Every structure is written in structure tokens, then in C-alpha cells.
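Peer 1: Sequence:
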Amino acid sequence: KHGRGGQSAQRFERLIEEAAHNFFKKSAERACSYWLPQLENLEGIIVGGPGATKDYVVKNDYFHHEIKKLIREPHFDVGYSNESGLRELLQRAGGLMDQIELEAERNLVDQFLSEVMQPHPKATYGEAMIRSALNQGAVHTLLLSEALRKRRVGWSCKPCGHEWEATQTSLSDIPNCPSCDSEDIRDDPDRSMDLMDELTMLAGHTSAKVSLISVDTEEGATLNDAFGGIAALLRYAWS
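So the sequence shown is numbered by this note's numbering: it starts at 878 and just counts up by one.
Hint data in this document are derived by calculation from the structure and do not stem from the laboratory. Treat the hints loosely; a few may be bogus.
Stated by the list, open to error - Listed next, with one range per pair, are the computed distances between beta-carbon atoms:
(1) Ser1069 x Pro1036: 17 to 23 Å
(2) Ser1059 x Ala1098: 47 to 53 Å
(3) Lys1086 x Thr930: 34 to 40 Å
(4) Phe900 x Glu1004: 49 to 55 Å
(5) Ala1098 x Ser1009: 22 to 28 Å
(6) Asp975 x Pro1036: 40 to 46 Å
(7) Met1070 x Phe900: 50 to 56 Å
(8) Ser1056 x Leu967: 50 to 56 Å
(9) Arg1112 x Arg891: 50 to 56 Å
(10) Thr930 x Asp975: 25 to 31 Å
(11) Ala1043 x Ser910: 28 to 34 Å
(12) Glu943 x Arg1112: 21 to 27 Å
(13) Arg1112 x Ser1033: 34 to 40 Å
(14) Ala908 x Lys1086: 52 to 58 Å
Unchecked claim - Derived pair list, reagent style BS3-like, types lysine-lysine, alpha-carbon separation capped at 25 Å:
(15) Lys936 x Lys946
(16) Lys931 x Lys946
(17) Lys936 x Lys903
(18) Lys945 x Lys931
(19) Lys999 x Lys931
(20) Lys1035 x Lys999
(21) Lys999 x Lys1086
(22) Lys1027 x Lys1086
(23) Lys931 x Lys902
(24) Lys1086 x Lys946
If you're wondering where the values come from, they're calculated on a predicted model, not measured in any experiment. From the three backbone atoms N, C-alpha and C, an ideal C-beta is built for every residue, glycine too.
Can you make the complete structure from the sequences, with help from the hints?
Peer 2: What follows is the structure in C-alpha cells.
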């Protein structure tokens, strides 16, 4: 009688293990089916959950190998596996998310620096070149420094009526009319906006990606100081 009871307990334990395995497998497959089509846009995957379950699932290869390479450590303990747990995970993982974001920014700038040195680079920099590349649909990813503080201003000349647009680096940076050289000009608020917003809008016209680059890293500082805070990775070599 004791033996039969022990066998029943072992069988019950196996059933629990099998059910857990199937649940982990199904959950990981569903997650991978969502992530894999977006693989090139993923910068990292953060894992959290109650107890040791999260570590077991990651360790035992339930995830697709391409997804597993993106899983970051540490894994975070959270008290729930529902929406409350997700909010708790976001709070606990704030520092890691900042680290992932900075890594992605560094990689983008490094990619730009490497590409711009090639004989036929798929990269460019400087506002005029960037603007031209955007208008021709050549930009894949636009890199903008968070320190960029310029405005794109629409100007009009009172004496001759000439209208034009120019980038303003400071409020005191007021040009003469390029047509008649008059100083009697005014800015048009309806045709003016932050340069960052304007370039982002232009990027959207051709589905170019936009990445804001912090100056908190050496690479980000280089983008701002050496390249004026504006650069781009291109879809093809362009000049």
C-alpha cells in the first residue's frame, strides 16, 4: 500500500513537470513568434518573474537562439505574473533599460564613424547634406544629438517681399535679406520650428528611422562636437 502511494505521488509529480514544461514551451513560442519578425528593432529583452522560474526557463533553452542572445542579465524578481508584475518589472529594470539604450546609441554612432571612413560611404553628416539626402529618400537612420538646439526659421523681407528659410543657431542670429541685403526682416512663426522636429518630420516622409543620441557617452559627445549633432546612415552610397 505504501509502494502504490509512492508511485502515485511520483506519477503526479511527473504530470506536474510535464504540464509546466508544456506551459513554458507554449509561452516561449508565443513570445518568440511576436519578437522574431521585429528582430532587427530589438535592443534587448528583459526577463522578470516570481522565484526561480524565470531563470529555469532562460537556462533550459525554451527561447529561440536568436531571442536568447538578446536576453539581458540580471533577471528581476517580481511578485506577480500579471499587469502589476509588469509594472514592477519596469520599475526594477529602469537602470538596465538605460544601459541598453546607451549601448544601442553607442553602436549606432560607431557604425556611422566606421561607415563614413569608407571610400563609398553609406553615411553622411552636416545639415545641408542630411537635408538633401532626406529629400531624396536616401536616409535609413537619422542620428540627432539631444543637445541640438537650433531652429528652422521662415523669414520674410519687408522692403522686397522675399521669403526664405534658414537655420538659426541663437535668437541673436538674424540674417540680412539674401535678395536685397535689407536688415528689415521678420520671422514667420507659422513657418518656424525646432530643427530637430523639422528633420524628424522630413525623415517620416520616407520612413527613415530617427535615433536621438545622448551626450552622456563618448560616442554621443563626438557626434555633437565633431559632426554638429546631425548625421545619417544611408540606404545606399550617395553623394
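Peer 1: For each hint, tell me whether it holds in the structure or not.
Peer 2: Hints versus structure:
1. Evaluation of the 17 to 23 Å hint for Ser1069 and Pro1036 yields a pass: the beta carbon distance comes to about 21 Å.
2. The beta-carbon spacing between Ser1059 and Ala1098, approximately 40 Å, falls outside the hinted interval of 47 to 53 Å.
3. Checked against the given bound of 34 to 40 Å, the beta carbons of Lys1086 and Thr930, roughly 36 Å apart, stay inside it.
4. Against the hinted window of 49 to 55 Å, the Cβ-Cβ separation of Phe900 and Glu1004 comes to about 54 Å, which satisfies the hint.
5. For Ala1098 paired with Ser1009, a C-beta distance near 26 Å keeps the hint of 22 to 28 Å intact.
6. Between Asp975 and Pro1036, the C-beta spacing of about 53 Å breaks the proposed range 40 to 46 Å.
7. Taking 50 to 56 Å as the suggested C-beta distance range, the pair Met1070 and Phe900 conforms, at roughly 51 Å.
8. In this structure the hint that Ser1056 and Leu967 lie 50 to 56 Å apart at CB holds, the actual value being about 55 Å.
9. Checked against the hint of 50 to 56 Å, the C-beta distance between Arg1112 and Arg891 comes to roughly 55 Å, which is consistent with it.
10. The given range of 25 to 31 Å is respected by Thr930 and Asp975, whose C-beta atoms sit roughly 26 Å from each other.
11. For Ala1043 and Ser910, the Cβ-Cβ distance of about 50 Å falls outside the hinted range of 28 to 34 Å, so the restraint is violated.
12. Taking the beta carbon of each, Glu943 and Arg1112 are about 24 Å apart, inside 21 to 27 Å as hinted.
13. The beta-carbon spacing between Arg1112 and Ser1033, approximately 36 Å, falls within the hinted interval of 34 to 40 Å.
14. At roughly 24 Å, the beta-carbon separation of Ala908 and Lys1086 lies outside the given 52 to 58 Å, and the hint is violated.
15. About 12 Å separates the Cα atoms of Lys936 and Lys946, which keeps this hinted pair within 25 Å; it holds.
16. Taken as a hint, the Lys931 and Lys946 pair is honoured in the structure, with Cα atoms around 16 Å apart against an allowance of 25 Å.
17. The suggested pairing of Lys936 with Lys903 holds, with an alpha-carbon distance near 16 Å, which does not exceed 25 Å.
18. Of the pairs offered as hints, the one joining Lys945 and Lys931 holds, with about 13 Å between alpha carbons and a cut-off of 25 Å not exceeded.
19. Our distance criterion of 25 Å between C-alpha atoms is broken by Lys999 and Lys931, whose separation comes to about 41 Å.
20. Pair hint Lys1035 plus Lys999 does not hold up; C-alpha atoms about 43 Å apart against a cutoff of 25 Å.
21. The suggested pairing of Lys999 with Lys1086 holds, with an alpha-carbon distance near 15 Å, which does not exceed 25 Å.
22. Annotation: proposed proximity of Lys1027 to Lys1086 holds, straight-line Cα distance about 20 Å (limit 25 Å).
23. Straight-line distance between C-alpha atoms of Lys931 and Lys902 comes to about 13 Å, which keeps the hinted pair within the 25 Å bound.
24. The straight-line distance between the Cα atoms of Lys1086 and Lys946 is roughly 24 Å, inside the 25 Å bound, and the hint therefore holds.
This entry does not satisfy hints 2, 6, 11, 14, 19, 20, going by the numbered hints stated previously.
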